[in-house]
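Okay, here's what each chain looks like letter by letter:
Number of protein chains: 2
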Amino acid sequence: MKMRIYWIAAVLLLSMNSAHAELIVKKQAFTMADYVTVGGETIPEVTVGWEAYGELNETKDNVILITHFFSGNSHAAGKYAETDPLPGYWDSIIGPGKAIDTNKYYVVSSDTLVNAFPGDPNVITTGPKSINPATGKPYGLDFPVVTIRDFVNVQKALLESLGIEKLHAVVGASMGSLQAIEWAAAYPDSVERMVSVIGTGAMDAWTIMALEHWARPIKADPNWNQGDYYSGEAPLTGVTSTLAMITQQAMHPTIMNMQAPKQDVLPDAGLDSVMTDLPAVSYLFGAAAGRAPLADANHLLYLVRANQLFVAGHDESLAKGLSNITAKTLFLPATNDLLLQPYLAKQTVAILEEQGKAPQYEEIQGIWGHLDGIFSIPTKAETLKAFIESD
Amino acid sequence: MKMRIYWIAAVLLLSMNSAHAELIVKKQAFTMADYVTVGGETIPEVTVGWEAYGELNETKDNVILITHFFSGNSHAAGKYAETDPLPGYWDSIIGPGKAIDTNKYYVVSSDTLVNAFPGDPNVITTGPKSINPATGKPYGLDFPVVTIRDFVNVQKALLESLGIEKLHAVVGASMGSLQAIEWAAAYPDSVERMVSVIGTGAMDAWTIMALEHWARPIKADPNWNQGDYYSGEAPLTGVTSTLAMITQQAMHPTIMNMQAPKQDVLPDAGLDSVMTDLPAVSYLFGAAAGRAPLADANHLLYLVRANQLFVAGHDESLAKGLSNITAKTLFLPATNDLLLQPYLAKQTVAILEEQGKAPQYEEIQGIWGHLDGIFSIPTKAETLKAFIESD
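Residue numbers (the UniProt record's numbering), protein chains in the order written: chain S, 1 to 391; chain U, 1 to 391.
Hints may be right or wrong, so weigh each one.
Same chains, same label: a pair holds when it works inside one copy or across any pair of copies.
No more than 30 Å apart at the CA atoms, straight line, and that leaves these computed lysine-lysine pairs for DSSO-like [as the list claims (entries may be wrong)]: (1) 27 to 357; (2) 262 to 219; (3) 104 to 320; (4) 357 to 26; (5) 129 to 219; (6) 357 to 156; (7) 346 to 156; (8) 104 to 129; (9) 262 to 357; (10) 79 to 320; (11) 320 to 357; (12) 262 to 346; (13) 320 to 262; (14) 346 to 27; (15) 385 to 219; (16) 328 to 262; (17) 79 to 357; (18) 320 to 129.
Keep in mind the hints are simulated off the structure, nothing from the lab.
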């Protein structure tokens with residue numbers, strides 16, 4: 001019986017492989033000189049990583065840009081090598097014949113500035129951990145505050161270096177959605193379609209506060225040392241708390257309780273001392289501690305700030321900022337999202353509707369919460385494909 | 001026009017006052033010797049505060065016990081003096097002629113062990129901040145871990161000191177609900193009715209993790225010093241972060257966004273440095289910092305642990321623990337609660353139903369989130385009154 005199930009699985013896998021040949025991708029680097037931030041500061045040299053899937057056509061008008069989420073990077077689809085255990089995070093919707101069809105579109109995905117995991121060998125980013133050419137040492141807190149618009153501006157320079165002036169679409173989840181909306185608001189002539197997955201047009205007070213809780217454990221860690229720790233020990237305790245909080249808030253209790261150790265009886269260990277971690281806590285914080293060495297504490301603080309400052313269009317109001325948008329828009333929040341709840345996307349959609357535009361809105365159903373934007377996105381593949389391929 | 005509204009308001013207030021005369025209450029103290037905890041440790045002297053509203057009848061069978069929430073205390077109703085700006089937290093449902101009618105019932109409310117705010121002049125509690133008679137110094141982490149059952153056991157001793165053997169009802173919100181369910185599971189012969197407001201029959205992994213985030217800022221504060229800070233500076237930075245987190249998680253974005261400063265444009269201040277607090281952050285953390293000096297860091301850690309360990313009945317499973325319950329039960333979770341979401345109460349209710357009991361279940365509607373259990377409880381006054389006064 002077991003043999004038969006394996007056999008069926010093998011056939012299914014083979015047939016999937018023949019329909020959707022595995023993309024093999026490589027990380028590339030883009031460098032620009034003297035980037036001037038929204039805050040008016042100059043960064044002498046900015047380098048970010050990027051990947052591309054599919055082929056750029058001759059008229060260079062088949063480009064779809066993918067913008068990544070807070071703890072993500074530009075690895076949106078495919079594998080670097082066939083032996084990679086997992087493909088990029090949205091491989092379910094990006095590839096030959098998929099919702100974002102790489103047989104038709106040239107899909108570009110870019111690392112942001114101040115990426116959370118500069119220690120990840122597949123991330124290329126510029127931020128507080130980068131060497132300041134003026135001092136020969138890491139910037140630390142001398143790195144200027146950057147905004148979502150800065151992320152977008154660097155992506156625009158990357159695309160221009162490839163001769164690309166217009167996007168068929170820009171698609172992003174969570175912080176990637178902030179970038180996608182910002183693209184549409186800041187450069188309306190360059191964006192034909194915008195897809196916001198689990199996103200918002202602006203931060204509200206509640207989310208600004210939620211993000212602040214992610215910053216505090218780092219600032220409270222003595223090893224953080226006002227951002228000056230690159231020659232000493234990294235503030236891994238703080239970073240671990242931050243990553244644990246992010247993981248929990250990105251998930252719904254349903255999936256978390258399915259995955260984490262249960263506690264149906266009074267655990268003896270927990271009675272000994274308030275210093276003993278309970279099994280569910282060890283599970284969450286253990287995973288976070290494992291990832292912490294690849295993250296950078298200052299980068300996390302800068303990412304928090306970029307998100308906290310977000311209001312699409314950077315204009316005198318959100319409505320004014322959104323009024324610039326000419327792109328067709330699709331909003332896909334997740335019903336069970338506890339981090340960027342659907343009310344946020346609804347507020348943005350309501351403003352666009354008041355402005356006589358026709359935003360499309362559908363909610364993703366699932367048990368993952370915020371992460372339904374990644375793991376349950378296949379349920380919206382048809383909606384996405386129809387939107388991307390619409391006139 | 002304005003005058004007329006004032007006049008109507010004055011008449012309404014007068015009529016309310018005549019119907020519900022203001023309760024004037026006083027805090028009392030109960031002390032017991034050699035309390036042995038669930039963990040088998042002896043606390044030589046335990047003192048907790050309590051209040052009572054109404055009159056104990058001769059047969060001493062008209063008693064309703066109110067158990068308080070995480071950051072609360074026994075001041076559930078009335079005022080200490082007519083000049084107090086606000087009455088106790090559930091004054092809307094406890095008083096003469098109210099849902100919990102002090103003309104009929106003797107309502108007792110008790111401070112728990114390890115209360116979060118031992119510095120509050122109206123709180124009387126025993127915990128890590130208390131003097132250890134063996135050393136003449138505060139216990140710190142030498143204080144034994146205590147559980148929700150320990151809170152209940154001390155309340156039981158308090159009631160027995162008043163000659164009370166049976167509760168007409170036990171009613172509590174949030175952590176108070178944990179105590180109420182524990183009363184019904186641990187002492188079924190003593191509890192005739194149990195009301196769980198915004199509660200759960202047991203902690204799940206997700207909530208254990210959420211509580212852990214409240215503990216970490218304290219443990220990360222160098223002033224905490226492994227719980228030994230009573231002769232030095234208190235870890236107020238950590239306590240402030242903890243209280244800020246609790247406040248946010250107890251509220252829904254709807255009410256928080258109504259109360260907190262808005263940020264509809266890119267704020268210049270936030271562009272200067274990642275060290276500059278945004279207005280919404282100053283609002284949340286400023287309020288928390290104001291309350292922090294009355295809290296105790298170790299007490300907060302012990303409260304977190306008591307909640308993390310909770311599984312009603314302390315038996316081999318939640319179902320086994322709940323199987324002891326003979327009381328009539330009413331569950332009132334809040335639909336928009338983001339801290340103890342209704343799925344938790346539903347799970348407990350489902351088990352009771354499987355056991356052939358008839359738990360009553362209604363959801364509180366409101367914009368407060370978890371705090372709907374406090375601020376929107378008047379919408380369930382009739383349900384509550386009918387349940388309390390049922391045979």
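Evaluation of the provided hints:
With identical chains, the CA atoms of residue 27 and residue 357 are never at most 30 Å apart, being 37 Å at best within one copy and 61 Å at best between copies. Only between protomers do residue 262 and residue 219 lie at most 30 Å apart by alpha-carbon distance; the minimum there is 25 Å, versus 32 Å within a single protomer. Proximity of residue 104 to residue 320 under the C-alpha cut-off of 30 Å is found in neither arrangement, the shortest distances being 35 Å within a copy and 60 Å between copies. In this assembly of identical chains, the alpha carbons of residue 357 and residue 26 never lie at most 30 Å apart, being 38 Å within a copy and 61 Å across copies at closest.
In this homomeric assembly, residue 129 and residue 219 come within 30 Å of each other (Cα to Cα) both inside a single copy, at 16 Å, and across copies, at 27 Å. In this assembly of identical chains, residue 357 and residue 156 lie within 30 Å of each other by CA distance solely inside one copy; the values are 25 Å within and 64 Å between copies. Proximity of residue 346 and residue 156 under a CA criterion of 30 Å is satisfied intra-copy only: 28 Å inside one chain copy versus 50 Å between copies. When the C-alpha separation of residue 104 and residue 129 is checked against a cutoff of 30 Å, the pair qualifies neither within a copy, at 38 Å, nor between copies, at 68 Å.
Only between protomers do residue 262 and residue 357 lie at most 30 Å apart by alpha-carbon distance; the minimum there is 25 Å, versus 48 Å within a single protomer. Taking the closest pair of Cα atoms, residue 79 and residue 320 never come within 30 Å of each other, the shortest separation being 41 Å inside a single copy and 49 Å across copies. For the identical chains of this complex, residue 320 and residue 357 are intra-copy neighbours only, at 14 Å inside a copy versus 57 Å across copies, given an alpha-carbon limit of 30 Å. Proximity of residue 262 and residue 346 under a CA criterion of 30 Å is satisfied inter-copy only: 18 Å between copies versus 36 Å inside one chain copy.
Taking the closest pair of Cα atoms, residue 320 and residue 262 come within 30 Å of each other only across two copies (16 Å); inside a single copy the shortest separation is 49 Å, beyond that limit. Taking identical chains as interchangeable, the C-alpha atoms of residue 346 and residue 27 are never at most 30 Å apart, the minima being 36 Å within one chain and 48 Å between chains. Proximity of residue 385 to residue 219 under the C-alpha cut-off of 30 Å is found in neither arrangement, the shortest distances being 43 Å within a copy and 49 Å between copies. For the identical chains of this complex, residue 328 and residue 262 are inter-copy neighbours only, at 28 Å across copies versus 46 Å inside a copy, given an alpha-carbon limit of 30 Å.
In this assembly of identical chains, the alpha carbons of residue 79 and residue 357 never lie at most 30 Å apart, being 38 Å within a copy and 55 Å across copies at closest. When the C-alpha separation of residue 320 and residue 129 is checked against a cutoff of 30 Å, the pair qualifies neither within a copy, at 35 Å, nor between copies, at 54 Å.
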